[in-house]
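Hints in hand, dock the two standalone chains.
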Amino acid sequence: MTTDTRSTDTGVSRPLPPSVDRSQMLMNLAIRYGFLCLLLGLIVFFSLATNGFAGPRSAVFIFQSVAITGILALGVTCTLVVGGFDLSIGSVATSALMLSAYVMVVLEQSALVAVLACLLMGAFVGFINGILIVKMRVPDLLATLGMMFLLIGLQRIPTEGRSISTGMTLPGGEVAEGTFSNAFLWLGRHRFDFVLEDLIPVPVIVFLIVGILVWVFLELTRHGRLMYAIGSNERAAALAGTNVNRYKITAYMISGVLASVGGILLAARLGRGDIASGNNLLLDSVAAALIGFAVLGAAKPNAFGTAIGALFVGILLQGLTMMNAPYYTQDFVKGGVLVVALVFTFALSARKRGGGH
Amino acid sequence: MAKPGYDTICRIVGVEKAFGPNRVLRGIDLSIPGGQITVLMGANGAGKSTLVKILCGVHRADGGNIELTGDPFQPTSPAHAIKAGVVTVHQSINDGVIPDLDVASNLMLDDLNAPGAGFFVNEGRLREDAKRVAGAMGLDIDVRTQVADLGVAERQLIAIARAMAKQPKVLILDEPTSSLSATEAERLFTLLDRLRETGVAILYISHRMSDIRRIADRIIAMRDGQISGTFEDAPLDYEGAVTAMLGHAMTQVDIDIPDRGDPVLLLDDVQLSAQASPMALSVHRNEVVAITGLLGSGKTKLASVLFGITKPHAGTVMLDGQVYRPSSPEDAIRSGVFLCSKDRASNGVVPDFDIAQNLTLPFLTRHASLSFLNGGSERRTTNRMIDQLGIVCQSSADEIGTLSGGNQQKVMVGRWMAEASQLLVLDEPFQGVDIRARRDIGRTIRATADERATIVFVAELDEALEIADRIVVMSDETIVGEHRNDDVDLNAILAQVSGVAGANTPNDSNPSAHTP
Numbered sequence: 001m002t003t004d005t006r007s008t009d010t011g012v013s014r015p016l017p018p019s020v021d022r023s024q025m026l027m028n029l030a031i032r033y034g035f036l037c038l039l040l041g042l043i044v045f046f047s048l049a050t051n052g053f054a055g056p057r058s059a060v061f062i063f064q065s066v067a068i069t070g071i072l073a074l075g076v077t078c079t080l081v082v083g084g085f086d087l088s089i090g091s092v093a094t095s096a097l098m099l100s101a102y103v104m105v106v107l108e109q110s111a112l113v114a115v116l117a118c119l120l121m122g123a124f125v126g127f128i129n130g131i132l133i134v135k136m137r138v139p140d141l142l143a144t145l146g147m148m149f150l151l152i153g154l155q156r157i158p159t160e161g162r163s164i165s166t167g168m169t170l171p172g173g174e175v176a177e178g179t180f181s182n183a184f185l186w187l188g189r190h191r192f193d194f195v196l197e198d199l200i201p202v203p204v205i206v207f208l209i210v211g212i213l214v215w216v217f218l219e220l221t222r223h224g225r226l227m228y229a230i231g232s233n234e235r236a237a238a239l240a241g242t243n244v245n246r247y248k249i250t251a252y253m254i255s256g257v258l259a260s261v262g263g264i265l266l267a268a269r270l271g272r273g274d275i276a277s278g279n280n281l282l283l284d285s286v287a288a289a290l291i292g293f294a295v296l297g298a299a300k301p302n303a304f305g306t307a308i309g310a311l312f313v314g315i316l317l318q319g320l321t322m323m324n325a326p327y328y329t330q331d332f333v334k335g336g337v338l339v340v341a342l343v344f345t346f347a348l349s350a351r352k353r354g355g356g357h
Numbered sequence: 001m002a003k004p005g006y007d008t009i010c011r012i013v014g015v016e017k018a019f020g021p022n023r024v025l026r027g028i029d030l031s032i033p034g035g036q037i038t039v040l041m042g043a044n045g046a047g048k049s050t051l052v053k054i055l056c057g058v059h060r061a062d063g064g065n066i067e068l069t070g071d072p073f074q075p076t077s078p079a080h081a082i083k084a085g086v087v088t089v090h091q092s093i094n095d096g097v098i099p100d101l102d103v104a105s106n107l108m109l110d111d112l113n114a115p116g117a118g119f120f121v122n123e124g125r126l127r128e129d130a131k132r133v134a135g136a137m138g139l140d141i142d143v144r145t146q147v148a149d150l151g152v153a154e155r156q157l158i159a160i161a162r163a164m165a166k167q168p169k170v171l172i173l174d175e176p177t178s179s180l181s182a183t184e185a186e187r188l189f190t191l192l193d194r195l196r197e198t199g200v201a202i203l204y205i206s207h208r209m210s211d212i213r214r215i216a217d218r219i220i221a222m223r224d225g226q227i228s229g230t231f232e233d234a235p236l237d238y239e240g241a242v243t244a245m246l247g248h249a250m251t252q253v254d255i256d257i258p259d260r261g262d263p264v265l266l267l268d269d270v271q272l273s274a275q276a277s278p279m280a281l282s283v284h285r286n287e288v289v290a291i292t293g294l295l296g297s298g299k300t301k302l303a304s305v306l307f308g309i310t311k312p313h314a315g316t317v318m319l320d321g322q323v324y325r326p327s328s329p330e331d332a333i334r335s336g337v338f339l340c341s342k343d344r345a346s347n348g349v350v351p352d353f354d355i356a357q358n359l360t361l362p363f364l365t366r367h368a369s370l371s372f373l374n375g376g377s378e379r380r381t382t383n384r385m386i387d388q389l390g391i392v393c394q395s396s397a398d399e400i401g402t403l404s405g406g407n408q409q410k411v412m413v414g415r416w417m418a419e420a421s422q423l424l425v426l427d428e429p430f431q432g433v434d435i436r437a438r439r440d441i442g443r444t445i446r447a448t449a450d451e452r453a454t455i456v457f458v459a460e461l462d463e464a465l466e467i468a469d470r471i472v473v474m475s476d477e478t479i480v481g482e483h484r485n486d487d488v489d490l491n492a493i494l495a496q497v498s499g500v501a502g503a504n505t506p507n508d509s510n511p512s513a514h515t516p
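Chain order of the listed sequences is P and U. FYI, our numbering numbers position 30 of the first sequence as 30, with every residue one higher than the one before it. FYI, our numbering numbers position 308 of the second sequence as 308, with every residue one higher than the one before it.
Fair warning: there could be bad hints in the mix.
Label-pair distances were calculated between CB atoms; the ranges are [what the hints assert, rightly or not]:
#	chain 1	residue 1	chain 2	residue 2	range
1	P	L150	U	D140	49 to 57 Å
2	P	V339	U	P351	20 to 28 Å
3	U	D387	P	P139	40 to 48 Å
4	P	R137	U	S371	26 to 34 Å
5	U	D140	P	P139	54 to 62 Å
6	U	G401	P	I212	27 to 35 Å
7	U	G401	P	S47	39 to 47 Å
8	P	V113	U	A397	22 to 30 Å
9	P	K135	U	Q146	25 to 33 Å
10	P	S47	U	K83	55 to 63 Å
11	U	G124	P	G161	29 to 37 Å
12	P	I212	U	A397	18 to 26 Å
13	P	P139	U	A345	19 to 27 Å
Result set (SDA-like, lysine to any residue): computed pairs, CA atoms no more than 25 Å apart in a straight line [claimed, not checked]:
#	chain 1	residue 1	chain 2	residue 2
14	U	K301	P	K334
15	P	K300	U	K301
16	P	K334	P	R22
17	P	K300	U	D398
No lab work stands behind these hints, which were simulated from the structure alone. C-beta atoms are modelled at their ideal positions from N, C-alpha and C, and glycine is treated no differently.
Pulled out of the complex, with its shape left as it was, chain U reads as follows (with noise of 0.2 Å):
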């Protein structure tokens, strides 16, 4: 129930929701205040969507009640939904934006379609207006660029102020933080801080500690269609949260480092464009190397540049001793190189593929003898990753898109184990995945380390800490700072990441004594 002081804005009574046989939401009690940003945490599969989907029209409740401000609510549209002040923006970024338009078209979308809105566009007065919206969010962008040219962060910041254009009443946010960096989460994190003031009731959803930590007033644990965990009184008890949602608790990592092996890559004096300052790079077999860095920092350069998508602008890169200067990705797979690379649904996943389809897909030859498959092959190699992964699924025949996103991404990660390499390097492996998933990816990279030398970019220090022997830090598309995993200064790290240490000094700030 919501605290004194704050009034309930939206109040959800015994809603329950099937499909089929499967009862995703069994009776789930919910108030919803304003003035307050309440988490609702869940693992995948939890039916954490499924109650947005409810709440924003997508979907109808089989039982139960959600009252509005004392009014019943039973959107039957999303349309009806935002009429009666819930809007959600979605955790796909894209649903929320057009990219071919310019911002202020962007913004003020809605009043273009709304009746009575003339024929002729006024193209100054809406300037004037979408200037006037994004000035109430602290949004400093010019108006007039195409939402195409624009990043990741600032098209999130873009449909967030569109939302909130339509005055809700509540307002849902999936996931918001998935493909955001750190400093542009704190962004967005001060974006939300100003709209709490407004009243507005937030609805939050997300699994990331980091953001929960930041931004929660109120965290709803979710877990198998139910609310098992309410959380309001400050401090709040974030471990009993997790534990909630997982049925588990949460325990200290200890990342046993392991002896490395011969170095496996070499980068000498790297420059990955022409302004970078050159950088230079080890790893090793048996060692897991996460590279970490804000967006823009040169993390995805340099994994295209070891993959063969692009060519660095200067310097050596070296692979088992020999000089390595792949042409393609065709060519990086012929060296042993992996890339799995990140943001799935656009560069991994095959919808139109079962699991093992898309899990064999780059090395169809070893399941082919003259150009013919072999479909036991490929089953046999799928079983193997599904039981290595805990993959969650009826077989391997299952269409991908029946998966949840961690098992998608395990899917993913799989289809670069399954063959042994050299170097196998993972572009942000953990994004938009659940706790357990990334455990079990992460667990599954460790125990399959010792063959090979493995990179794991990850955005997140979290993560990097918990999988990684030695954490780099990039920033300007260059390296900054090394760390070997055991009792590491988060301070230094973050000074490194956020590009304040290593301005002056880079090569101070590169601790090599750390690593043996």
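This is chain P alone, in the form it adopts within the complex (with noise of 0.2 Å):
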């Protein structure tokens, strides 16, 4: 029957107050802030704890021993917001390190081609990546694991297997003339004068700048809001007119072309096509990103948290080498860190969400 409800009083249901407990209040500054304390405190106890821990040319070499990680991190991250993940960024990284190398060495081009080349390539694979991912419907942990495979495969076939410097033989019998021109290595391995001479490399600048676009990006921008509504419900997201495949394509793309960023500027600083360098770099971004979810309990990735993430597990490690902690240590020191974090991420912020009725 129709019926109707003529009603003047409309504060009949009691909003919830503002949590007063102060277990509960408790909870929340640790999950809120528990993290840079963590941070804060890792500092001050290496600074007490070692001679020279806390000074400028520590801590530009803490940054210096994270920024490429951190840039890749920040590039998963942008996967990791849509709701996907992006397995192949070392690869990508690696990728972009022996064709920056090839096209100096072997085909003897200019800086600015290299890196041209590098960022087209890392753009390329991520749009590969998303088509895969959005068009194929791949699912993304498979499709970018078969990405790394063929990109690990694809830059072993140019040069044998080998890897790639001035003088080194083609597989054709004649010998690679080209040489890194300084305006590449440059990016790698020039220092800005900043309170001291010759303190703050390229690479960290680098990180530094990528980092506050990606935040910016993601965190200011309606694009960043748009890819956040797609990871957190994508039917959601694309039933308010939102280009879900697109976004999705563009997240790929900046991930492989931060991912070869990365690449170039290792190839900067080692001067060489190194075919065995870059081996951990997938790990310890996924792990920066992950750890990122930690910082300031947002329990969802965001750049600050990644790079703060990034800086976390370089700080720990920094600390623990002039503590003389063997170099072996390294890889369970921060798998340690990532369980911890996600131990923070996923059990303490469920159980504040959970806190209602």
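Below you can see the structure in the form of structure tokens.
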């Protein structure tokens, strides 16, 4: 039957008052600031326990050690935001490393050509990843895993599996005459003056710029907002008129381009196309992005968290190294940090969310 | 108290529960007799979900006692409650079934889990047992069917059959019809009639009057964490129950049908699929048209055609005098056609976002310059919609998950009312909302209807009568009737809905003379 309520009072439903429960509040504080406090605590501890940890040189060293993984991690963050994952970043970076060396040493081209070729390669790989996932409906992990294998194999073919350096013998028998141009090496080796002479290396600057750009893009623009919407409820985003496929492909292209930037910087630092470099890039950068979930209790991928996650690992390793911890314990430490961060993110945040009724 | 002749199976005395400072249950006294269906009514936030969660072992009561057939009952976990004989079928159907398994495995899942259940699955015996369980419930389903291939109604029935296989003392059904159409619900009620005979005590939570009228033996109304009314003398005082639940009386709605404007949407010989008969429809500015019909009658298909998700099989759609052939939702929105989808949890709500972020999602360009978002502009729009729809919240920055179902739905509706549209399509906007929110949403839709054409898809006739100027009935993927919403002949509509009329003479049952 058709009925109506003539209602004048509107305050019947009682809004939940903000949580004033003490333990609840402590829990919220712990989730929000726990990881940053831990970071601060580590810095204080290492500064007191070691000689020379606190200082611009050491700080820059830490930044330098995490710059390349950080850039890759920011890329993978973009794919995590749309609910995807990019396992191919490590191999895109090493492919860029080999490609830049090949372009300069074998093809004898300029630094600019080498950089452009790498960036295009990264964008193209990202595009293919996106197409595989969006159009071919291959699950993200599998598509990018396949791409990873493909690239690891591909980068070895032109040189028959050898590293690239000036004077090497090519498969055809002739000798490679090209060299890494100084402009290219500048990208990896130049240091800007800041407080001290020759302090801040270019990769650190690039890391900071990329970090700010990705943060601005994800947090402040409508594109970032829509990408988060896709990651949280893809159907809802599509029904709100979002072109989900285009945003997903874009996310993988950003990831590919940033991975190739990382590869370029690595090549510029090494000064040769070293086939064995960059083995750890994938795991380190994925770890940084996942640790980022725990920063500020975000419980979701975010650029600031990713950058902090990368720095956290860097600080811990630098501090432990200065306290004479052997190098082979490094992966163990990283793994430990990652697991703790994941517990922070999933166990504690889930408890916070499940607190209502 | 239970009437003589029915033994009280479950007795609840003085149960209290608070979450922090928020006292959700303030001393509940309730007895649930066997062989009867006790309906628990209450607006969202009245505390009925909390009471159910205490009974099924999710929460523990802060105070009070619960007795189950005379023994103290304090469930510490859902498994414990089930073992003691209190079985719950939850509102979200997919909690009750596993889509990737077949019907037999679903029905016998608890046997597969039972200790001593052997290592290998005996398919033949599993199927036999499942057939027995299904047969006892009067379920006519091939037990080898994958649950993923079944409709919502069948899944619901399977979930209940599985619950009944445990031979419970108390069966709790939490809004079981919220995603069922009228005929599907009738199947459920037939099943419940059978179950009542077995002597099980059934606690049925709902705020759908049609359900309650159909099956209630007793009605308990809840309001603000207390029992506000118990009704158990036939004939049941439904109006009294609603009054007790809401705190004020129901009155008849009188739709004041305004003069309608120019036609906005014209469907000409549109065929939704190859088998469907062509249909014609015009929807005008300043008009609210409710399209009703059963599940599978083509409502959802028509909505997706209008919103550019699918293409019609044949025919033309005109919008404002122009051919309208949207290629995507993006395209439809650009043309001024908005769709508020049904089933907000999967199609609407972005769980990681707050109210403002959810509400402004489709129109971020309006709240951004050079792609940079303007938080102030987003908040202003959101606050306007919060006021207009009466969304109960602390601020526009509340997480969407902290809102009740009705308020979440208001945010979803507000999302599409925040900007002016040519044609606003709302698919089941009253799904899973309490009566108060339903009234708020309906009132707002009607109050803002003058600048656009509005189509509301509803399965419930009550809801159509409450909101529409004109009621259009769909059956078998085509339109079988139209009725101006004053003094409508309910029987004629029901006949068209169920496909009795219109089978032979679809044109005769299309009383276009009724429309001015």
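Checked hints:
1. Checked against the hint of 49 to 57 Å, the pair L150/P and D140/U passes, with Cβ atoms roughly 52 Å apart.
2. Evaluation of the 20 to 28 Å hint for V339/P and P351/U yields a pass: the beta carbon distance comes to about 26 Å.
3. Our hint of 40 to 48 Å for D387/U and P139/P holds, since their Cβ atoms are close to 44 Å apart.
4. A hinted range of 26 to 34 Å holds for the C-beta pair R137/P and S371/U, which are about 30 Å apart.
5. For D140/U paired with P139/P, a C-beta distance near 37 Å fails the hint of 54 to 62 Å.
6. With their beta carbons about 31 Å apart, G401/U and I212/P fall inside the hinted range of 27 to 35 Å.
7. The beta-carbon spacing between G401/U and S47/P, approximately 41 Å, falls within the hinted interval of 39 to 47 Å.
8. A C-beta distance of roughly 50 Å is found between V113/P and A397/U, which places it outside the suggested range of 22 to 30 Å.
9. Separated by about 27 Å at the C-beta atoms, K135/P and Q146/U satisfy the suggested range of 25 to 33 Å.
10. In this structure the hint that S47/P and K83/U lie 55 to 63 Å apart at CB holds, the actual value being about 58 Å.
11. Range check, G124/U to G161/P: about 57 Å between beta-carbon atoms, so the 29 to 37 Å window is missed.
12. For the hinted restraint 18 to 26 Å between I212/P and A397/U, the CB-CB distance of approximately 25 Å keeps it satisfied.
13. As the Cβ distance of P139/P to A345/U is approximately 23 Å, the hint placing it in 19 to 27 Å holds.
14. Between the alpha carbons of K301/U and K334/P the distance comes to roughly 52 Å, so the proposed pair goes past 25 Å and is violated.
15. For the hint pairing K300/P with K301/U, the CA-to-CA distance comes to about 35 Å; that exceeds 25 Å, so the pair is violated.
16. For the hint linking K334/P to R22/P, the alpha-carbon distance of about 33 Å lies beyond 25 Å, and the restraint is violated.
17. Distance hint between K300/P and D398/U is fulfilled; the C-alpha atoms sit about 17 Å from each other, no more than 25 Å.
Checked against the numbered hints above, the structure breaks hints 5, 8, 11, 14, 15 and 16 and satisfies the rest.
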